[in-house]
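Asker: In the order they appear, the protein sequences are chains W and A.
According to our numbering, the first sequence is numbered sequentially starting from 8.
According to our numbering, the second sequence is numbered sequentially starting from 4.
A couple of the hints might just be wrong.
[Unchecked claim] FRET-style restraints, in silico, Cβ to Cβ:
{"id": "1", "chain 1": "W", "residue 1": "Gly195", "chain 2": "A", "residue 2": "Leu382", "range": "54 to 62 Å"}
{"id": "2", "chain 1": "A", "residue 1": "Leu190", "chain 2": "W", "residue 2": "Pro108", "range": "36 to 44 Å"}
{"id": "3", "chain 1": "W", "residue 1": "Lys95", "chain 2": "A", "residue 2": "Phe54", "range": "50 to 58 Å"}
{"id": "4", "chain 1": "W", "residue 1": "Asp39", "chain 2": "A", "residue 2": "Val259", "range": "48 to 56 Å"}
{"id": "5", "chain 1": "W", "residue 1": "Asp446", "chain 2": "A", "residue 2": "Leu382", "range": "44 to 52 Å"}
[To be verified] PhoX-like cross-link-like pairs, simulated, lysine-lysine; straight-line CA separation at most 25 Å:
{"id": "6", "chain 1": "W", "residue 1": "Lys28", "chain 2": "A", "residue 2": "Lys35"}
{"id": "7", "chain 1": "A", "residue 1": "Lys60", "chain 2": "W", "residue 2": "Lys28"}
{"id": "8", "chain 1": "W", "residue 1": "Lys100", "chain 2": "W", "residue 2": "Lys56"}
{"id": "9", "chain 1": "W", "residue 1": "Lys407", "chain 2": "W", "residue 2": "Lys417"}
{"id": "10", "chain 1": "W", "residue 1": "Lys56", "chain 2": "A", "residue 2": "Lys35"}
{"id": "11", "chain 1": "W", "residue 1": "Lys402", "chain 2": "W", "residue 2": "Lys419"}
[Claimed, not checked] To give an idea of the chain A side of the interface with chain W (calculated C-beta under 7 Å), a few residues:
{"id": "12", "residue": "Pro169"}
{"id": "13", "residue": "Lys173"}
{"id": "14", "residue": "Lys177"}
{"id": "15", "residue": "Met178"}
Worth flagging that the hints you see were computed from the coordinates, not collected in a lab.
Keep in mind that this is a model prediction, so the values were computed, not measured.
Using N, Cα and C, we set each Cβ at its ideal position, and we do this for glycine too.
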Amino acid sequence: MRIIIIGAGKVGYNLALNLSKEKHDVIIIDNDQNVIDKADENLDVFCIKGNGVSTGALQDADVYNTDLLIAVTNSDEVNMVCCLTGKKLGAKKTIARIRDPEYAQELTLLKEEIELDMIINPELAAAEEIAKNLAYPASVNIESFAKDRVKMAEMIVDKDMPIVDTKLKDLSGKIPHKILIGAVIRNGEVIVPDGDFEIKVNDIVYILGQSIYIASFFKDWKHHTKKIGNVMIIGASRISFYLTKLLHGLNAKVKVIELDMEKCTEFAELLPHVLIINGDGTDEEFLLSENIGDMDVFISLTGMDEENLISALIAKQNGAKRVVSKISRMNYMTVINKLGIDNVICPKLITTNQILKYVRGSTVETLYKIVEGQAEIIEFVAKDDCKILNIPLRKLELPKDILIATLARKSKIIIPRGDDSIQVGDRVIIIAKNSKISDLNELLKVPVGGIHNELQNGIKKLGSFINK
Amino acid sequence: MNYKMVLKSLGVLLISEAAAMSISLIVAFIYKDEGISAFIYTIFILLLVGFPLTRLKPHSSNLYAKDGFAIVAFGWIAMSVLGALPYYFSGMTSTFIDSFFEAVSGFTTTRASVLSTVENLPNSIMFWNGLTHWMGGMGVLILTLAILPTVSATSLYIMKAESPGPKPGKLVPKMGQTAKILYGIYLIITMVLVILLITAGMPVFDSLIHAFGTVSTGGISNRNLSIGAYNSIFIEIIITFFMLICGMSFTLHYQVFKGNIGALFKNEEFKFYITVIGASILLISINLYGSVFASIGESLRHSSFQVVSIISTTGFSSTDFDKWPMLSKSILFFLMFMGGCAGSTGGGIKNIRVLLLLKSAKSQLMKIIHPRGIYPVRLDGRIIDDKSVAEIMSFFFLYIFIFVIGVIFVSFDGYDFTTTLTSVAATMGNTGYGLSMVGPMGNYSIMSPLSKIVLSFAMLIGRLEIYPILLLTVPTFWKKD
């Protein structure tokens, strides 16, 4: 696919990185020479210096033959105009990032009038992500598949959990729910486990299953879900705005702390029912005076990663029950995982995942990356041209490190065994390590015929042999 | 520096060289000549060295600019050392230094031979010499990028270090795809030329060798008198045309192949290139008419062939231009420095650099008239930033500086001024022929072993555009951090 990305900031760069790895032809347009140089040196993409709004730059990028145009510059207006011009010049699909809350109210209208195919609002997406996670216990990340019927929970195993030191094949005896452990992260490495795999303390496990079973799995476990009561949010950012609205809907008592007086007033105008406090979110004494210890949830959402982390640590030390922090710089991820913050939210990652999901097209429904893309959990819908329909799974020779995790068939959710088979219309959830799968047919080990294919595979084998 | 990854890449390169050499081995079997054992031994050594290197397990596969330069510099040296073995094993050259000189002159498309006669070389050795020219013309590492399926983004550094010109760019978003397109165009041009040469009456094997020599702008010939041996206007016209287009940027070829012929006339470098060629031909023709050749046609024929041959740094000769008058010889001498266009297979300083230097000199002059005036340097309507101009100036300085050093080393041999100067200019510019004793009728066997080594490195420095080889002499380049 030929993709033009306008704006090579955090999201644009990360998108280009992922898309070019997935063998798409990526063209980046940006005005800033430094940004262009960085992308040019590190990525296998084509860079054009110029203004994405100008037809000249778009023509240089051969917009006429472009399948997708993604506009992710800082400015909403520029993004909209880019997409509008791009579409008129012949780009087949357009995606714009629009983040201003004012436009957010008018998204559907905008989408129709500018003929946008997708609008991403990173802040809204991040807020939704946080709200969704709050419904589950701390240290658990929840992801939905198959239109919310299948849930995946990511959590760290602690010693009180019933599944510790259990071999996976004995798991069904210990817990009554039909769930599947699809992937495990141990020492930073992703493992797709088999029946003899034993779960240890401090493993990060990915549990899949029907939504009710996942929910009841956590209910049985002693840290069961609590209602969200008092919430403290640091920073009156855009995410805070959306999140406060969402939490208000959940009947939570929200307190927002912001250092900048002007922002406080602005926020108070927009959200009349919320308590806004003018103060420094990294000042421990001040936070204590605001009863930080009694908070059920503490969320730091300022623009500074370092401030967010410090506030989160202060909150954790002073007894806030659940601490969530936003960071924008990916480089911190490895360090942060060791700090004991319950949830870390990275809007950039969420935005990237959303777009990637879109780009992978109609065959892929949902996509979730773990450990910086070491492994992926992907959902497909089995179409009638799929070549592995009605074959019992044990007869399929699946490539190594690929697992068919769940089948969602009409109202039934199946954790497949060897005798089950994929049927037309099934939503198939697959866990794949170190391989990119963009179609169900790729699960067939032997490629389908043709000298051309043979030759290509031969060369590929030779190449990987030499490069080993 | 990521030593393991660099070594591993070298291993891949050496195995690719073995693969290329096996084509020559097939040629040796066809002609059943002395090359057979020489190639078998060399391929064995290449695999013996290359294979263990590819088995290395680097901690990370990241390559940075430094590593890219290291791969290119070591790669070219290693390839030349091992590529010299067939000459040595087959006994065509007496010492290993001669073999090395011959191999370097092949890969760098210089064709500066130490052999007094090439006509009694075994066909397979001749073919290997031709093939090294052909691969070296577009770049050996770019060839591996085109063939191997796994190309990481960071291999752009390799392309940057290996392909000629100040800012080599991609044609399409994918690195591997770009390399494939470049080699595709290169292959098409080569095949068209082979067919044309055969129809013009050249024997099949000769046309293959000459096609290799022309498209790579190397100038290899299996005749002592080069193109002059055929004395055919038709062949000269064909070769002149192909030398001309191979001295042009391959990006332009790509544009033209895509149907955008207008790109040719918008490209300032191309216009400059054509103007320089036109002016040189005109001056030399006037100079030759009457003094060397009796007819205008004859002077035009040889002057145009020679000008294009030297500016594209091919180095074919249709006649002994060493006997030409001084004006013609000095023009040819300066054209050796000029070279082809950026992104071509030619060597030299490159037209684009000379053009930008002229433009920046002009803007400096204008600044004296209007001290507060702003005179940006523009190329193709775009402003070239000061950093790029400064880079080109330092490149130009280094080129001349290394030329001077080279001349001083070669002066130890005590030959005349013309021989000494032109031998360094012709090897650095990858032209091949100089004037006087290293002219069209001479060769480099007269040089001392020291000079041969110095000139070998001059060729590598010229082909790789100075920096990769020069960086090897910088101590911090070797430090781990």
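Asker: Take the hints in turn and mark each one as holding or not.
Answerer: Evaluated hints:
no. : hint                             : result
1   : Gly195/W to Leu382/A: 54 to 62 Å : violated (49 Å)
2   : Leu190/A to Pro108/W: 36 to 44 Å : violated (57 Å)
3   : Lys95/W to Phe54/A: 50 to 58 Å   : holds (56 Å)
4   : Asp39/W to Val259/A: 48 to 56 Å  : violated (32 Å)
5   : Asp446/W to Leu382/A: 44 to 52 Å : holds (46 Å)
6   : Lys28/W to Lys35/A               : violated (48 Å)
7   : Lys60/A to Lys28/W               : holds (22 Å)
8   : Lys100/W to Lys56/W              : holds (22 Å)
9   : Lys407/W to Lys417/W             : violated (29 Å)
10  : Lys56/W to Lys35/A               : violated (56 Å)
11  : Lys402/W to Lys419/W             : holds (23 Å)
12  : Pro169                           : violated (14 Å)
13  : Lys173                           : holds (6 Å)
14  : Lys177                           : holds (6 Å)
15  : Met178                           : holds (5 Å)
Going through the hint list in order, the structure does not satisfy hints 1, 2, 4, 6, 9, 10, 12.
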